[in-house]
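**Student:** So you can see what is in the structure, the chains are spelled out below.
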Amino acid sequence: MTMTESPPSEAAESTEPEAAVPGTGLYDALTTSDHKAIGRIWLRVGLLLLTGVAVLGVPVALEATSADSVDVFDGANAAWQMNGLYNVALVLLVVPALTIGLATIVVPMQVGSSNIAFPRAAAAAAWGFVVGAAIMIVSVFAGGGWGALDGVRGEEADAIELTLLGMGMVAASILLACICLATTVVSLRTPGMGLMKTPLFAWSVLVSASVWILTLPVLIANLIIIVVDLRGGPLVFGNPEASTMIYDQVHWILEQPAVFVLGIPVLGIIGSIVPVVAGTRHVAHAGLMAAIGAAGLLAVGGWSQPAFSDQREELLFVAFGLLAVVPVLATLGLNSLTLAKAGVPAGLPPAQLLGALGAGLLLLLATGAGALRVIAPLDLIGTDADAAVGRLVAFAALVGLVAGMWFWASKIGGHALSNAAGLGVMLDFIGAGVLMGAAHLLIGFDFDGGLNETMAWIVFVGAILAVIGAVGVVASVASARRSDADPGDDPWNGHTLEWATTTPVPPENFVGALARVTSEAPLLDAAEQGDSDEEGAPS
Amino acid sequence: MTATARLPSPELRRPRTVLVGTMFASAAAAMVYFGVLALYVSRRAEARALGAEWFPEGVVELGPSGWIFWTLIMSSFTVQWAVQAIQNEDRPNAYVALGLTMLFGAAVFNQMWFILNDTGFSLDASEAQFLFFVLNGTFIAFLILAMAFLFLTALRAMFGQYSPRQNDGVPAAAMFWHTVATMYWITWIAVYVTK
Amino acid sequence: MFTTGFKFYFGLAAALVLSAVIYGYATGGEHVGPITWGWKGGVGEHIGYTMLMASGVVASAISFVIVAFRDADPSAQAHYLGVDEIVPTATVTGSYWPVVGAFGAGVGLLGLVLTPVLFVGGIVICSLAAIEWMMDAWADRATGDAEANAALRDRVMAPFEIPVAGTLAVGVIVLAGSRIFLNASKNGAVFWAGLIAILIFGIGVLYAAKPKMNRNIIAGLVLTCGLAVIAGGVVAGVDGEREFHPHEPHGEDHGDDHAEDDHSE
Chain A
1 MTMTESPPSE AAESTEPEAA VPGTGLYDAL TTSDHKAIGR IWLRVGLLLL
51 TGVAVLGVPV ALEATSADSV DVFDGANAAW QMNGLYNVAL VLLVVPALTI
101 GLATIVVPMQ VGSSNIAFPR AAAAAAWGFV VGAAIMIVSV FAGGGWGALD
151 GVRGEEADAI ELTLLGMGMV AASILLACIC LATTVVSLRT PGMGLMKTPL
201 FAWSVLVSAS VWILTLPVLI ANLIIIVVDL RGGPLVFGNP EASTMIYDQV
251 HWILEQPAVF VLGIPVLGII GSIVPVVAGT RHVAHAGLMA AIGAAGLLAV
301 GGWSQPAFSD QREELLFVAF GLLAVVPVLA TLGLNSLTLA KAGVPAGLPP
351 AQLLGALGAG LLLLLATGAG ALRVIAPLDL IGTDADAAVG RLVAFAALVG
401 LVAGMWFWAS KIGGHALSNA AGLGVMLDFI GAGVLMGAAH LLIGFDFDGG
451 LNETMAWIVF VGAILAVIGA VGVVASVASA RRSDADPGDD PWNGHTLEWA
501 TTTPVPPENF VGALARVTSE APLLDAAEQG DSDEEGAPS
Chain B
1 MTATARLPSP ELRRPRTVLV GTMFASAAAA MVYFGVLALY VSRRAEARAL
51 GAEWFPEGVV ELGPSGWIFW TLIMSSFTVQ WAVQAIQNED RPNAYVALGL
101 TMLFGAAVFN QMWFILNDTG FSLDASEAQF LFFVLNGTFI AFLILAMAFL
151 FLTALRAMFG QYSPRQNDGV PAAAMFWHTV ATMYWITWIA VYVTK
Chain C
1 MFTTGFKFYF GLAAALVLSA VIYGYATGGE HVGPITWGWK GGVGEHIGYT
51 MLMASGVVAS AISFVIVAFR DADPSAQAHY LGVDEIVPTA TVTGSYWPVV
101 GAFGAGVGLL GLVLTPVLFV GGIVICSLAA IEWMMDAWAD RATGDAEANA
151 ALRDRVMAPF EIPVAGTLAV GVIVLAGSRI FLNASKNGAV FWAGLIAILI
201 FGIGVLYAAK PKMNRNIIAG LVLTCGLAVI AGGVVAGVDG EREFHPHEPH
251 GEDHGDDHAE DDHSE
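Note that the protein sequences, when read in sequence, are chains A, B and C. First residue of the first sequence: 1, per my numbering; consecutive thereafter. First residue of the second sequence: 1, per my numbering; consecutive thereafter. First residue of the third sequence: 1, per my numbering; consecutive thereafter.
For reference, chain A alone in the conformation it holds in the complex (with noise of 0.2 angstroms):
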């Protein structure tokens, strides 16, 4: 007995261990119930992703330039998935797990609430995304996918499970995450603040989460199918042998107007931005809601899987595809207005305005594709021109997320990040999306005279922007921490409350009660009513 006891001084020593930072570290994140350790989670997977999905795409893009004369991934099997699995990564990985990190941080703040809604719902969904990521990515590598073009292999069919599992609990997790978002801006409000007068990024991460949650549950039903299928069925849905038949059935997701979801935040973001550049109010913010909530009902997928019944010349489809341009052209125009009733401010840009003005034009590019895409004499539909709209779409969605990652950098990680390079970072990202963009529509066009190859080499340079964009980000996001320099609470006289808080946000993120809200600025219509309250005081 005696030998197991420690001797009071030892005892008391070990009893208490080291303690560590509050928020950070990794027992931090592995614990956490705070949105903003949670949404950090989001992040860095998403950083992480994205270089990892940028560097793919150089190889995939190396060899579509010359299918014959280069050889990257030893076969047209594997150079196929790879391709698939760069275009699955892009859209359902990289794309959603920043968009959702940037709005776990922010929307709780931004609706006044000490935290999201279900933490440990939302901690779960982060680590579910993770854990679903790696199954998926690691069994595509392992020979899995979404199909085999020369037929599948031995153990080749349990990879390509497991990457359909992998892809249906990434699915779930987003749906997870959506669930808390969307609760959190509909039922954690603070008072006086009715859904009009929540801020833009708040109701477009409102619209996008409903879309989804009425969107991402369709494929994870065709998964099960497949799944199911490949496990006993009578091999209809999930026949391996029928070399590209899995891919073809999830591919909807990637396609309009499934894939217009993953632009409907950058909306969000780019209303978010703009009149606090301009410091005034914005000239019309139903009107953006309104557009907002169009561009959602545009985006909901599902309903067009052409694996089982191509109907994308059929007057619906037509005119979806054509009606996605306004609520963007309407978005950008309403805030243009709202730039030239205050002027646009002389100088160096902001960061985060030419990110958002970028991130917007590319958007106006991909729904202008998607609708080029739709005219049926111009036979575009199955070409390089799907890729063109999910490319530009996930490219403008980068560029605005990277541009509100620059907006709320003090309250995403306590630091300011560098105007400099921001305006290097978000100026390659466009770069990247236009070429790639761009050459695959032209590809997509079928001209003649060697055309498409010289294309397929944009595309390529395309791809390497991306890598330096990527690394790009993730250097300056590892700067910044180095820095010892203070961003201050509000470092761009914010609007919305997320400004109100200190910089570290506190656990709780607002210290005291907050006063009630009146509009969709609350802390312009403080700054103006101290202004009126000094202009009425007696001198």
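Bear in mind the hints are in silico, worked out from the structure with no lab data behind them. Take these hints with a grain of salt, some might be off.
Pair ranges (Cβ atoms, derived) [what the hints assert, rightly or not]:
| no. | chain 1 | residue 1 | chain 2 | residue 2 | range |
| --- | --- | --- | --- | --- | --- |
| 1 | B | GLU57 | A | ASP379 | 39 to 47 angstroms |
| 2 | B | PHE109 | C | THR167 | 26 to 34 angstroms |
| 3 | C | ALA165 | A | ALA478 | 29 to 37 angstroms |
| 4 | C | THR167 | B | PHE151 | 20 to 28 angstroms |
| 5 | C | LEU206 | A | GLU453 | 52 to 60 angstroms |
| 6 | C | ALA130 | B | ILE73 | 38 to 46 angstroms |
| 7 | A | LEU315 | B | ASP90 | 38 to 46 angstroms |
| 8 | B | ALA148 | A | PHE445 | 53 to 61 angstroms |
| 9 | B | ALA141 | A | ASP531 | 23 to 31 angstroms |
| 10 | C | VAL120 | A | ASN419 | 28 to 36 angstroms |
From chain C, some residues computed to sit far from chain A (all C-beta separations above 10 angstroms) [stated by the list, open to error]:
| no. | residue |
| --- | --- |
| 11 | ALA72 |
| 12 | SER95 |
| 13 | PHE103 |
| 14 | PRO159 |
| 15 | GLU161 |
| 16 | GLY166 |
| 17 | ALA193 |
| 18 | PHE201 |
In this text, all values refer to a predicted model and were calculated from it rather than measured experimentally. Ideal Cβ positions, reconstructed from N, Cα and C, are used throughout, including at glycine.
Given the coordinates of chain A, work out where chains B and C should sit on it, guided by the hints.
**Tutor:** This is chains B and C only, laid out in the frame that chain A set:
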């Protein structure tokens, strides 16, 4: 005992958070189910358009599936009874109502199992039989989830949680239960009535 | 009367139902089929029609619930509770169980494809995480004192947690490890077994030598080893077992202590 008696009462919770979250979760669950159903009816329509037989005549009977239909209707009433009882702080009635709902759930599970055995279908025999299995299997999975949700809620109620002002768990479980019941009612018409 | 949330979701629902009807007629719907859900006449292409109509019905259900809650506006919630101002969000304590649940779900998915034992293991982990999660949620609102709640939770759960967690950890290591050993060559299996044993021993020694070690380091080690074992299990499980060939009896000298051997060295 005396020590805990001196501790402060737990703070009030926002009363709509669990319900709103359950509403979105129910929407997602319904869309998964409708995703499977859409494929079912689509492939059936294609088979019929080609003049092929979907199910052999008389194999899928309306009787047992109709019993499920009526059982779920009764369960929707009992689960609302539980909601009403807990709002009135009438715990004995709430326990009885929750227990009855779970009993109806078990009966539905049993009837569904009977249908799957009675048809003699197998998963790999044909596209129709395969989709019939997947659709009903998905329903059974959601039924089990709904029963687990109810069980959890009943357990919490028995441990003393929920009051007339803070009782979100019970209506939330009821909302999910109604969603699952609705899934079946739609399936009953789309699969069993219009074979 | 009509709240913003209702207008958005009901507008979405109306547009989707209208889209379903248009789609139905555009893709071959007949008579009044597209407006009667196929009761009289065809609805056209079924997947698109069903998904649009289902999305519309679900969005309309959301709109009715949300208008019943008056958009869950803070003032409506305060009115429901009978207080002047709505309470801020309640504090939720940190918990390992979400990450354990996610890990368990991953193990279950692997097991679904690779081996039933792993599948059952995943379900067990998920079930335990769900129970613990429920107990955490219960303890969070047991009293208004966070410390008392934590002590209450530990008093109820600790006697179960420690033995079960130890058993599970060993089970997962054994299962995932066995996949690796079965996949590796005979000498490779010895190498991997040695490496894993050294790792476990090393971590144990490290912890014994530095009991005050930063918990982040412990968490990092556990996470890295866990992910490595799972990733190794996936690759090895997918790759399959090495081939085993039974030995032919070679006479008395060799005996049959090793009934089988592999040819993968």
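**Student:** Confirm or reject each hint.
**Tutor:** Evaluation of the provided hints:
1. B:GLU57 <-> A:ASP379: 39 to 47 angstroms: Hint holds: Cβ distance 46 angstroms, inside 39 to 47 angstroms.
2. B:PHE109 <-> C:THR167: 26 to 34 angstroms: holds (31 angstroms)
3. C:ALA165 <-> A:ALA478: 29 to 37 angstroms: This hint holds: roughly 35 angstroms between Cβ atoms.
4. C:THR167 <-> B:PHE151: 20 to 28 angstroms: About 25 angstroms separates the Cβ atoms of C:THR167 and B:PHE151, which means 20 to 28 angstroms holds.
5. C:LEU206 <-> A:GLU453: 52 to 60 angstroms: holds (57 angstroms)
6. C:ALA130 <-> B:ILE73: 38 to 46 angstroms: Since the Cβ atoms of C:ALA130 and B:ILE73 sit about 30 angstroms apart, the hinted range of 38 to 46 angstroms is violated.
7. A:LEU315 <-> B:ASP90: 38 to 46 angstroms: With Cβ atoms ~55 angstroms apart, the hint is violated.
8. B:ALA148 <-> A:PHE445: 53 to 61 angstroms: holds (54 angstroms)
9. B:ALA141 <-> A:ASP531: 23 to 31 angstroms: violated (59 angstroms)
10. C:VAL120 <-> A:ASN419: 28 to 36 angstroms: Distance hint for C:VAL120, A:ASN419 is violated at roughly 55 angstroms.
11. ALA72: Not fine: 4 angstroms to the nearest Cβ puts C:ALA72 too close to chain A.
12. SER95: violated (6 angstroms)
13. PHE103: violated (6 angstroms)
14. PRO159: holds (20 angstroms)
15. GLU161: About 14 angstroms separates C:GLU161 from the closest Cβ of chain A, which puts it past 10 angstroms; holds.
16. GLY166: Its Cβ never comes within 10 angstroms of chain A, the nearest being 19 angstroms, so this holds.
17. ALA193: holds (22 angstroms)
18. PHE201: holds (21 angstroms)
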